[in-house]
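Peer 1: Here's the letter readout for the chains.
There are 2 protein chains.
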Amino acid sequence: MKVYFGASISLDRSLLPNYQEIVANLKKLGHQVLSEYVVDPSIKPGVGLTPRDLFARETKTIDQADVMVAEVTAPSWGTAFLIEYALNHGKPVLALYYKEAAMPLPMMIEGHPELYVAHYTKGNIRTVLKKNLDYFASMNHRKGKLIVIDGTDGSGKGTQTELLLKYLDEHKKKNKYIDFPRYYTSFHGQMVGRYLKGEFGGLNSASPYLTSLFYAMDR
Amino acid sequence: MKVYFGASISLDRSLLPNYQEIVANLKKLGHQVLSEYVVDPSIKPGVGLTPRDLFARETKTIDQADVMVAEVTAPSWGTAFLIEYALNHGKPVLALYYKEAAMPLPMMIEGHPELYVAHYTKGNIRTVLKKNLDYFASMNHRKGKLIVIDGTDGSGKGTQTELLLKYLDEHKKKNKYIDFPRYYTSFHGQMVGRYLKGEFGGLNSASPYLTSLFYAMDR
Chain A
11 MKVYFGASIS LDRSLLPNYQ EIVANLKKLG HQVLSEYVVD PSIKPGVGLT PRDLFARETK
71 TIDQADVMVA EVTAPSWGTA FLIEYALNHG KPVLALYYKE AAMPLPMMIE GHPELYVAHY
131 TKGNIRTVLK KNLDYFASMN HRKGKLIVID GTDGSGKGTQ TELLLKYLDE HKKKNKYIDF
191 PRYYTSFHGQ MVGRYLKGEF GGLNSASPYL TSLFYAMDR
Chain B
11 MKVYFGASIS LDRSLLPNYQ EIVANLKKLG HQVLSEYVVD PSIKPGVGLT PRDLFARETK
71 TIDQADVMVA EVTAPSWGTA FLIEYALNHG KPVLALYYKE AAMPLPMMIE GHPELYVAHY
131 TKGNIRTVLK KNLDYFASMN HRKGKLIVID GTDGSGKGTQ TELLLKYLDE HKKKNKYIDF
191 PRYYTSFHGQ MVGRYLKGEF GGLNSASPYL TSLFYAMDR
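Chains as they are written, first to last, in our numbering: chain A, 11 to 229; chain B, 11 to 229.
Keep in mind that the hints were calculated from the coordinates and are not lab data. Misleading hints may appear alongside valid ones.
No copy labels: a pair is met if it fits in one copy or bridges any two.
Once the Cα atoms are required to be at most 30 Å apart in a straight line, the calculated DSS-like pairs of lysine-lysine come out as [said to hold, decoys possible]:
id	residue 1	residue 2
1	K101	K70
2	K140	K12
3	K176	K12
4	K12	K155
5	K109	K54
6	K184	K109
7	K132	K183
8	K132	K153
9	K141	K12
10	K140	K70
11	K37	K155
12	K167	K101
13	K132	K184
14	K183	K140
15	K186	K37
16	K207	K54
The shape of chain A in the complex, shown without the other chains (with noise of 0.2 Å):
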């Protein structure tokens, strides 16, 4: 997976080495790391950039992440932010505590209702990262997938239908079943009913305009 990597960069950087640890993990594991200037010991925060290019820049790389991973045992307003970005730009953000540190778990990081929070260990880090990434990957995979069966009146739209839903069935994948006009469940396909049966004005009077907007309001 693509993976954004967050740490303290201006206010704290006495857990490089940790940080360093982590993204080499990453890499082992055979994610990308869109990030990896966090951990260059000689980073100048933003160089020639001004405040705002680099918040612009640290966000656009987030959306071309799958995945943030946040190391956050030393504070950092920019990782808070940058979390928040990727939560509510549907990524998944793991946090990550290094249970050695001398200061706490903050209430505010472990109480929040979005965050995976995961205390490490120089000795663990890997298998905490291995654990969370494998569980983030399956959550990409449950977003499910979108089949569309289209075709004009009698091509076998319904065979074909019946045939992948019994071998989605047998191949235990779990599927959900929806069909238009919903005729009888929604404002709008009840509209399309009354259409068909002829109750506003018949199939070559009623003007297309109109009628193609109850399909399109079914969906």
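Fit chain B to the supplied structure of chain A, relying on the hints for placement.
Peer 2: Frame of chain A; chain B shown alone:
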């Protein structure tokens, strides 16, 4: 206005006298501070609350606030998360940075595209608060009012609208006038026009279930 005040509680309390000064000044300026416990010297964060409940209590308090004022000189995960929460819920946020602090203003605060950042000293905090909160109050007013003039044909909608617009202009009140159907500027408004000209089967033969959709979608 109702103000949510946020600042570092567990990580760094060295600026507590500043926080107290800010809250005292907000109150002197006539505002209500919903989170005064933040400046209680004996506060222990979330005593008796789970971390999740603490987080929920703070976000619910922000729901009731008009604006957020955050002291951002000392780092705070909680304050950062709550700043984003407030912004996501349409509350303007003033981020206050203490000019005489040893820590520099982080670039990611300065570069945050939605934050109002102000530098303050002990001498000017009241002026800084007044200026920014007055501005926030004027933003609230700038939300504007929606005036709807409706009635049957020939009832005088046009006459009343002209009188109103003339009044607003004479009193230098900014205004924007829209009338429906928008026969020329919207796709569905054009459809209303074609319907009224009889293109879709005449006023008495086309079903109102169909033709009313054009009006609805022009809004």
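Peer 1: Compare the structure with each hint and give your call.
Peer 2: For each hint, the structure was consulted:
no.: 1; hint: K101 to K70; verdict: both (13 Å within a copy, 24 Å between copies)
no.: 2; hint: K140 to K12; verdict: within (14 Å within a copy, 45 Å between copies)
no.: 3; hint: K176 to K12; verdict: neither (35 Å within a copy, 58 Å between copies)
no.: 4; hint: K12 to K155; verdict: within (21 Å within a copy, 46 Å between copies)
no.: 5; hint: K109 to K54; verdict: both (27 Å within a copy, 22 Å between copies)
no.: 6; hint: K184 to K109; verdict: neither (38 Å within a copy, 58 Å between copies)
no.: 7; hint: K132 to K183; verdict: neither (38 Å within a copy, 64 Å between copies)
no.: 8; hint: K132 to K153; verdict: neither (33 Å within a copy, 53 Å between copies)
no.: 9; hint: K141 to K12; verdict: within (16 Å within a copy, 44 Å between copies)
no.: 10; hint: K140 to K70; verdict: within (25 Å within a copy, 35 Å between copies)
no.: 11; hint: K37 to K155; verdict: within (29 Å within a copy, 55 Å between copies)
no.: 12; hint: K167 to K101; verdict: neither (36 Å within a copy, 50 Å between copies)
no.: 13; hint: K132 to K184; verdict: neither (39 Å within a copy, 62 Å between copies)
no.: 14; hint: K183 to K140; verdict: within (25 Å within a copy, 60 Å between copies)
no.: 15; hint: K186 to K37; verdict: neither (37 Å within a copy, 56 Å between copies)
no.: 16; hint: K207 to K54; verdict: neither (71 Å within a copy, 68 Å between copies)
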